[in-house]
Amino acid sequence: MDDGKRKVNAWWGVLPLLLGMLLLAGCSGSGNAQGISEDGKLLVTATTGMIGDAAREIGGEHVEVTTLMGPGVDPHLFKASQGDIRKLDRAAVVFYGGLHLEGNMERVLVKMAAQKTVVAVTDDMPRDRLIGSADTGEFDPHVWFDVDLWTVAAETVRDTLIEKDPANAEAYREQGERYLNELKELDTYVRERMLEIPEEGRVLVTAHDAFGYFGRAYEVEVVGLQGISTAAEFGARDVSALRDYLVERNIKAVFVESSLPARSMQAIVAGAAQQGHDVTIGGELFSDAMGEPGTEEGTYIGMIRHNADTIAEALK
Amino acid sequence: MMDFWIILTAVLVASACSILGCFLILRRMALVGDAISHAVLPGIAIAFLMSGTRDSMWMLLGATAFGLLTVFLIQTLQTSGLQSDASIGIVFTALFAVGVLLISLNAQHIDLDLDCVLFGEIAYVPWDTWTLGGTDMGPRAVWMLGITLTVILLLLGLFYKQFKICAFDPAMAVACGIPVLLFHYLLMGMVSMTAVSSFESVGAILVVGMLIIPAATAYLLTNRLGVMIGLSVAVGIVSAVAGYLISYALDASIAGCIVSVAGILFILALILAPKNGLIARFARRRNIAQVV
Numbered sequence: 001m002d003d004g005k006r007k008v009n010a011w012w013g014v015l016p017l018l019l020g021m022l023l024l025a026g027c028s029g030s031g032n033a034q035g036i037s038e039d040g041k042l043l044v045t046a047t048t049g050m051i052g053d054a055a056r057e058i059g060g061e062h063v064e065v066t067t068l069m070g071p072g073v074d075p076h077l078f079k080a081s082q083g084d085i086r087k088l089d090r091a092a093v094v095f096y097g098g099l100h101l102e103g104n105m106e107r108v109l110v111k112m113a114a115q116k117t118v119v120a121v122t123d124d125m126p127r128d129r130l131i132g133s134a135d136t137g138e139f140d141p142h143v144w145f146d147v148d149l150w151t152v153a154a155e156t157v158r159d160t161l162i163e164k165d166p167a168n169a170e171a172y173r174e175q176g177e178r179y180l181n182e183l184k185e186l187d188t189y190v191r192e193r194m195l196e197i198p199e200e201g202r203v204l205v206t207a208h209d210a211f212g213y214f215g216r217a218y219e220v221e222v223v224g225l226q227g228i229s230t231a232a233e234f235g236a237r238d239v240s241a242l243r244d245y246l247v248e249r250n251i252k253a254v255f256v257e258s259s260l261p262a263r264s265m266q267a268i269v270a271g272a273a274q275q276g277h278d279v280t281i282g283g284e285l286f287s288d289a290m291g292e293p294g295t296e297e298g299t300y301i302g303m304i305r306h307n308a309d310t311i312a313e314a315l316k
Numbered sequence: 001m002m003d004f005w006i007i008l009t010a011v012l013v014a015s016a017c018s019i020l021g022c023f024l025i026l027r028r029m030a031l032v033g034d035a036i037s038h039a040v041l042p043g044i045a046i047a048f049l050m051s052g053t054r055d056s057m058w059m060l061l062g063a064t065a066f067g068l069l070t071v072f073l074i075q076t077l078q079t080s081g082l083q084s085d086a087s088i089g090i091v092f093t094a095l096f097a098v099g100v101l102l103i104s105l106n107a108q109h110i111d112l113d114l115d116c117v118l119f120g121e122i123a124y125v126p127w128d129t130w131t132l133g134g135t136d137m138g139p140r141a142v143w144m145l146g147i148t149l150t151v152i153l154l155l156l157g158l159f160y161k162q163f164k165i166c167a168f169d170p171a172m173a174v175a176c177g178i179p180v181l182l183f184h185y186l187l188m189g190m191v192s193m194t195a196v197s198s199f200e201s202v203g204a205i206l207v208v209g210m211l212i213i214p215a216a217t218a219y220l221l222t223n224r225l226g227v228m229i230g231l232s233v234a235v236g237i238v239s240a241v242a243g244y245l246i247s248y249a250l251d252a253s254i255a256g257c258i259v260s261v262a263g264i265l266f267i268l269a270l271i272l273a274p275k276n277g278l279i280a281r282f283a284r285r286r287n288i289a290q291v292v
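Read top to bottom, the protein sequences are chains A and B. Residue numbering for the first sequence follows this note's numbering, starting at 1 and increasing by one per position. Residue numbering for the second sequence follows this note's numbering, starting at 1 and increasing by one per position.
These aren't lab readings, by the way, just hints derived from the structure by calculation. Where a beta carbon is used, it is the ideal one built from N, C-alpha and C, also for glycine. Worth double-checking, as some hints may not be accurate.
With the Cβ distance kept under 8 Å, some of the chain B side facing chain A (calculated, not the full set) [stated by the list, open to error]:
| id | residue |
| --- | --- |
| 1 | Asp-115 |
| 2 | Gly-120 |
| 3 | Glu-121 |
| 4 | Ala-123 |
| 5 | Trp-127 |
| 6 | Asp-128 |
| 7 | Thr-129 |
| 8 | Ile-254 |
Produce the complete structure using the sequences and hints provided.
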């Protein structure tokens, strides 16, 4: 049997490849100075658009912010591309949502904290203001829909930037102040818009339970079709139960979400129509991701305003 | 350094999977990797219900237990006379369904899908390091996969002849006095361990692809097991390295690029293989026609 010999020959072909790989890895090692852009800005990477927006507003001209998850991306199911890991690698500061929002990526982010400043913007939020149970440590991660609670995240971003880049502390403090004020105005705005809806009709029906914080903060009853995970399937009973609920409560509109397909909601609308109840799709809400950059909805404030306006117009 | 760790991880996964893949293809069980990737769902559900956390240690334990159970059941069904594709299909769909049931009954409000809690992502490997007594020992995945590959090489090195005869001709193996069933279970056990530990480090698609494609490519090129294993590993490693370079150039998913390269290599082999390739067959047919 000359099998053994042949096997050795095949391995010889592999050897130069391995060597080439080592060489390549050696060459393409970290090039520019860690964490500072060519024009001297602090490099910040954020996982979701909402967090990136806060960093951009507070950091202003002193930071260069990159966001990993673009419009319409579901953070639970996000898969990093080769470019994304470069963005993480060169950043001086990484902000993420935490509370398991980023799924499996969170484990890596926690480990990365040993090598650079990696901060979960929900870390400073008092645990009793979070929805979920403290026993298991499982909290609902969609905190940005309670604007007042989200100011805590903005403060965390501000404090981290000040600590990391004390030379520009004054600017961060000033811009942080301005942004926090804008958030306070936004909170009032959303509250007022929700009050326009008559109390018995203040029911928000959406595909998945991303709006728990929104409901609690602005006294809106939230009914979700899906469980908390975007991956869990809903059963046929969930669909018919929700349809009956719509008919019974005489709810005018249901909502679809930007990062989820609209199909399930359309099924419910059709089901309710068969029972002689007229429900419309009230519009598209932003849930896990913001709108296209450059548009009004491509900022955190614009996205929340869009949601509040859409809900108020459809239900009042 | 980041690139080096990712490529090294990919090469380790590719090597381990392409070696085992050869035996799986010969035993017509190539899809066992995909089966394991689904069948571990009840494992992580039970691990979550027992521990109450989504800590990766518990998830890995649950997945390992159910990975082994899966291959054990598949092997047992097959030994009792069912075709291998049917036994794989029955075991993994049934177990996956149990997992879905467990989650929808007990943990509906917890984000507990495989993508989220078990499957890793090769892009994150460089940061998921293992620290021992305060010193950074490098990525955990490299250690885990390195140990897995060593175990595979050791077992196959020691019992190469036995594994070979069992793969090609179990009847003859029995006649030679080789405990065939033991070697079947041993091979499947290795597949299960490799699959689960690689899922945890690099995600499902890369593992399933690397278990099948390099071995299938090598299968087209040779009739000797030793050569087949060598070629399979070579295809796996070339895919890993070239795939990473392409993902760098395209800013795309690393696992996606690696498996795509493997797919392209397979198509090349399908067309160009010296004996069984499409061109060779076409030429042979023409020759016959001319002679006639």
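List, from low to high, the hint numbers that the structure doesn't satisfy.
none
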